[in-house]
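With the sequences and hints as input, model every part of the structure.
Residue numbers (full-length UniProt numbering), protein chains in the order written: chain Z, 1 to 536; chain U, 1 to 536.
For the record, the hints were derived by calculation from the structure and aren't laboratory data.
Among these hints, one or two may not hold up.
Copies of the same chain look alike in the list, so a pair counts if it fits in one copy or across any two.
What the hints assert, rightly or not - In silico EDC-like pairs for lysine to aspartate or glutamate, Cα to Cα no more than 20 Å straight-line:
| # | residue 1 | residue 2 |
| --- | --- | --- |
| 1 | Lys467 | Glu19 |
| 2 | Lys525 | Glu513 |
| 3 | Lys69 | Asp464 |
There are 2 protein chains.
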Amino acid sequence: MKKISIYDTTLRDGTQADEINLSSPDKIRIALKLDELGVDYIEGGWPGSNKTDRAFFAEIKKHQLNHSKIAAFGSTHAAKNNAENDKNLNMLIDAAPDVVTLFGKTWDLHVREALRVPLERNLELIHDSLAYLRPKFSEIFYDAEHFFDGYKANRDYALATLKKAHEAGADVLVLCDTNGGTMPQEISDIIADLKKELGDARFGIHTHNDSEMAVANSIQAVLQGAEQIQGTINGYGERCGNANLCSIIPNLELKFDGQYQCLPEGKLQQLTTISNFVSETCNLRPFLRQPYVGRSAFAHKGGVHVSAVMRNALTYEHIVPEGVGNHQRILLSDLSGRSNILFMAKKYGYDLDKNDSAVLDLLTEIKERESIGYEYSSAEASFELMFFRAMGWSKQYFKLMNFSVMDAMRKNGEAFIEATVRLKVGGKIEHTAASGMGQVNSLDQALRKALYPFYPCLKEMRLDDFKVRVLSGTTRDTGGTASNVRVLIESADKDSRWTTVGVSYDVIHASWEALVDSVNYKLFKDDPKKWPSKAD
Amino acid sequence: MKKISIYDTTLRDGTQADEINLSSPDKIRIALKLDELGVDYIEGGWPGSNKTDRAFFAEIKKHQLNHSKIAAFGSTHAAKNNAENDKNLNMLIDAAPDVVTLFGKTWDLHVREALRVPLERNLELIHDSLAYLRPKFSEIFYDAEHFFDGYKANRDYALATLKKAHEAGADVLVLCDTNGGTMPQEISDIIADLKKELGDARFGIHTHNDSEMAVANSIQAVLQGAEQIQGTINGYGERCGNANLCSIIPNLELKFDGQYQCLPEGKLQQLTTISNFVSETCNLRPFLRQPYVGRSAFAHKGGVHVSAVMRNALTYEHIVPEGVGNHQRILLSDLSGRSNILFMAKKYGYDLDKNDSAVLDLLTEIKERESIGYEYSSAEASFELMFFRAMGWSKQYFKLMNFSVMDAMRKNGEAFIEATVRLKVGGKIEHTAASGMGQVNSLDQALRKALYPFYPCLKEMRLDDFKVRVLSGTTRDTGGTASNVRVLIESADKDSRWTTVGVSYDVIHASWEALVDSVNYKLFKDDPKKWPSKAD
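Here is the structure:
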């Protein structure tokens with residue numbers, strides 16, 4: 001079994017992504033999670049480029065890491081300096097990481113157009129920078145920027161840069177497909193050639209996904225002998241992103257007959273959790289279709305597939321989802337036919353016949369609702385309420401009479417928001433008002449105020465997430481602001497989490513519907529008398 | 001130059017994706033676009049499985065296609081029938097497509113667990129189904145479901161199924177990696193073996209992306225001689241999706257020295273447009289980081305990268321973006337340093353020095369605003385207004401005094417929404433009210449009502465899209481409904497489109513801010529007197 005080093009650059013190259021901006025505390029939180037996962041190296045940033053990154057290196061020292069080494073990134077010294085008096089190199093030393101990764105230019109075009117120095121001078125920059133840092137660190141990696149493009153443009157010069165880095169003592173020569181345009185066959189051919197020229201060097205690979213080949217290229221390099229893979233969680237990174245470690249790691253560990261090991265034993269099961277943690281911390285919506293760790297990665301919708309998967313999951317799943325910390329999902333949809341509903345019914349304890357009229361009615365209702373924008377695959381609690389109503393459950397915990405929200409900006413620029421709710425519980429009318437942070441929060445507070453006296457268990461419940469999705473793109477007549485809106489509300493108590501849905505052309509009415517479902521679900525779930533026992 | 005057939009299955013396998021449900025008119029609109037792009041085959045659906053798909057085949061006949069052939073999908077006949085009396089096969093005939101694609105079982109596990117018939121019987125199903133359809137269609141393709149898994153589990157049986165399909169007259173044997181778990185090296189080895197056994201057969205490839213290898217695997221198959229690629233626009237499809245045609249096509253056309261042709265001459269430039277069209281029609285948010293066609297595919301954020309790209313785009317772009325109908329974007333962000341702002345300034349006609357105090361002030365303002373949730377990379381119109389204000393532009397087209405929105409549900413369940421706006425134009429106070437579809441639309445209408453008398457040009461402007469994003473996940477104290485909200489509004493007139501941004505804890509206040517920016521931008525853009533001419 002061969003150990004492949006995992007070098008995570010989520011905190012440096014990952015933050016180059018459109019939409020990603022991480023604060024220094026965010027970076028620390030992610031680093032601690034990466035250490036827990038057991039990646040070998042965590043690249044924390046480029047101390048020479050900004051304060052946030054410098055703060056990271058100072059702060060991370062206060063934490064005890066179990067597995068990962070901290071790497072700092074920087075460039076070869078500026079052409080106008082020598083290594084010893086270069087600010088960027090000295091900031092790397094000041095940051096005092098475990099490892100330094102230095103990048104240099106490989107492609108003659110870049111030496112001319114970006115560095116604007118003679119080709120020979122660039123070789124000196126590479127050599128002198130590495131030679132200066134070498135005695136100060138136990139490990140130094142050299143990132144050969146644009147290696148593959150450089151090789152294709154001027155093979156001899158590209159090789160000369162690598163040889164310089166090798167001579168100057170870099171431990172690993174990391175071959176970068178910086179622009180992401182290289183095909184796997186080229187990766188193979190070029191590394192094969194390289195091994196002839198630099199037989200005793202150790203190689204790493206750093207790819208970008210501009211041709212949707214970053215994962216394939218990384219694995220191709222490993223097959224050619226590369227020992228280190230640089231990538232990011234979820235493939236975050238500039239343009240189309242970096243090589244996605246969440247796919248590379250399970251591919252190497254699960255698809256090559258145990259030839260490769262990337263993470264410490266037993267850590268692969270944390271992959272889905274860390275993927276979600278990083279997307280949440282970056283404040284990005286997780287990519288549903290993401291291989292291995294995505295919410296849809298083991299989701300089955302087609303009726304035929306669902307019935308096969310129910311018999312044997314292997315029929316439509318390439319691995320056991322729990323192996324990467326994910327799980328199977330059965331989607332409710334008009335394409336799915338009755339088998340999905342039967343599957344859910346079973347989960348709720350009902351063994352129904354596929355020709356049962358309740359099943360057919362429910363299918364019709366789902367189709368109608370989906371056609372106007374409801375979506376039950378993520379809002380299972382709303383589905384469950386609908387299912388039990390179809391089974392004859394008819395209890396009403398409260399009866400809404402009316403609500404209102406007023407949202408205004410006053411002359412002095414101050415906001416004023418107020419919600420009122422009027423409802424009946426048993427025979428009693430409750431009429432409440434509340435002012436919260438925003439309209440939905442105000443409505444939520446007014447609703448709770450009305451219900452607490454009757455249902456104190458609602459105090460344990462909290463709203464954890466609130467998602468708004470505008471459904472149709474354009475309504476020309478009235479402007480896009482008249483589009484339909486779907487609201488998903490995620491709620492939680494000490495035992496469980498549930499999601500409910502509401503749809504309307506108006507965000508408040510959609511939110512209200514999801515809010516009421518959420519409260520009803522909590523009351524339903526905790527209600528010992530919701531249903532006469534089946535023995536009755 | 002070798003022609004590779006492109007077989008699009010967005011309308012069939014694509015619709016198996018989580019979150020995708022297409023109506024029959026949607027399917028027709030997408031088919032017409034695919035024909036415009038020039039794919040060779042459009043798989044419209046599975047007539048035996050549902051009404052929507054049957055309606056598609058009836059409807060598409062009313063349209064004149066220029067390039068594409070229409071394919072219908074179906075399975076081998078049911079084991080209890082013979083081919084002639086099988087409903088599914090006869091529905092394929094009734095649908096009368098140009099081409100039929102029949103799928104059958106390759107993997108012995110599936111024959112036993114899903115079909116539940118003896119292995120020998122499955123060979124008969126394959127043969128008899130194809131032999132029955134063969135004389136009725138000029139082209140028939142055979143999709144060997146789970147081919148690679150089947151080959152690995154029981155090579156001889158997998159080959160026997162293919163040989164049966166070949167004997168029965170299938171024109172192309174399409175090798176499916178249905179579960180998406182196969183590595184490129186296996187694709188290569190298995191097809192090489194296959195060619196020895198079935199030397200005179202023509203092969204196609206159909207892959208899924210569960211290992212993030214669907215694009216690499218498709219291309220690997222082409223390198224081994226496959227002539228047809230089955231995939232979907234944007235890689236939509238079940239679980240992690242199908243092979244992404246938006247990456248495969250440009251990879252083959254641009255990365256192999258002109259060896260392969262997929263689309264008619266000059267059509268590749270339509271790729272970004274069709275990708276966006278399909279995601280809009282499917283009502284899915286486009287994937288920013290999507291290779292070639294994504295909004296971020298040629299977006300540059302890092303200050304170093306931006307300055308290099310400004311000198312020579314080749315330094316950080318693997319192809320010319322316009323070749324696939326995309327374009328370069330420079331992102332505004334706290335990581336980007338001053339060079340991005342200088343780049344935008346240049347675009348607006350200002351040649352600023354990087355130490356100009358206006359540049360530094362603007363950078364500080366952007367950073368502050370981004371830290372509370374503003375995002376200018378997509379809201380360039382809001383940035384432009386901010387930029388010109390920093391340059392000394394101070395005109396105020398109107399002065400807002402106050403607004404209010406009331407949103408209520410009455411006792412009878414009816415919604416009542418009303419917005420009021422009070423503002424001053426010149427010395428005159430306008431106080432208006434309107435009731436529209438939803439709160440933002442009502443506010444928009446009240447605002448326009450107040451401004452039309454002074455600025456009739458606003459009548460040409462419309463709001464085209466409205467996006468809401470809840471920014472921070474959780475605020476435990478008050479429930480998730482108190483999170484911050486970012487609203488992006490896209491507006492258009494006859495000449496141009498622009499996007500503005502607003503941020504608040506309250507969706508209405510955020511919408512109002514974006515709305516006011518949008519109107520201001522329209523007035524600014526059309527105003528000949530906004531600025532004393534530079535010669536003054």
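| said: Checking an output row: lysine 525 and glutamate 513, CA cutoff 20 Å. Within, between, both or neither? | reply: within (18 Å within a copy, 41 Å between copies)
| query | Is it within, between, both or neither when you check lysine 69 against aspartate 464 at 20 Å Cα-Cα? | reply | Answer is neither: 34 Å inside a copy and 49 Å across each miss the 20 Å cutoff.
| Up to 20 Å CA-CA - glutamate 19 versus lysine 467, copy category | both (18 Å within a copy, 15 Å between copies)
Checked against the numbered hints above, the structure breaks only hint 3 and satisfies the rest.
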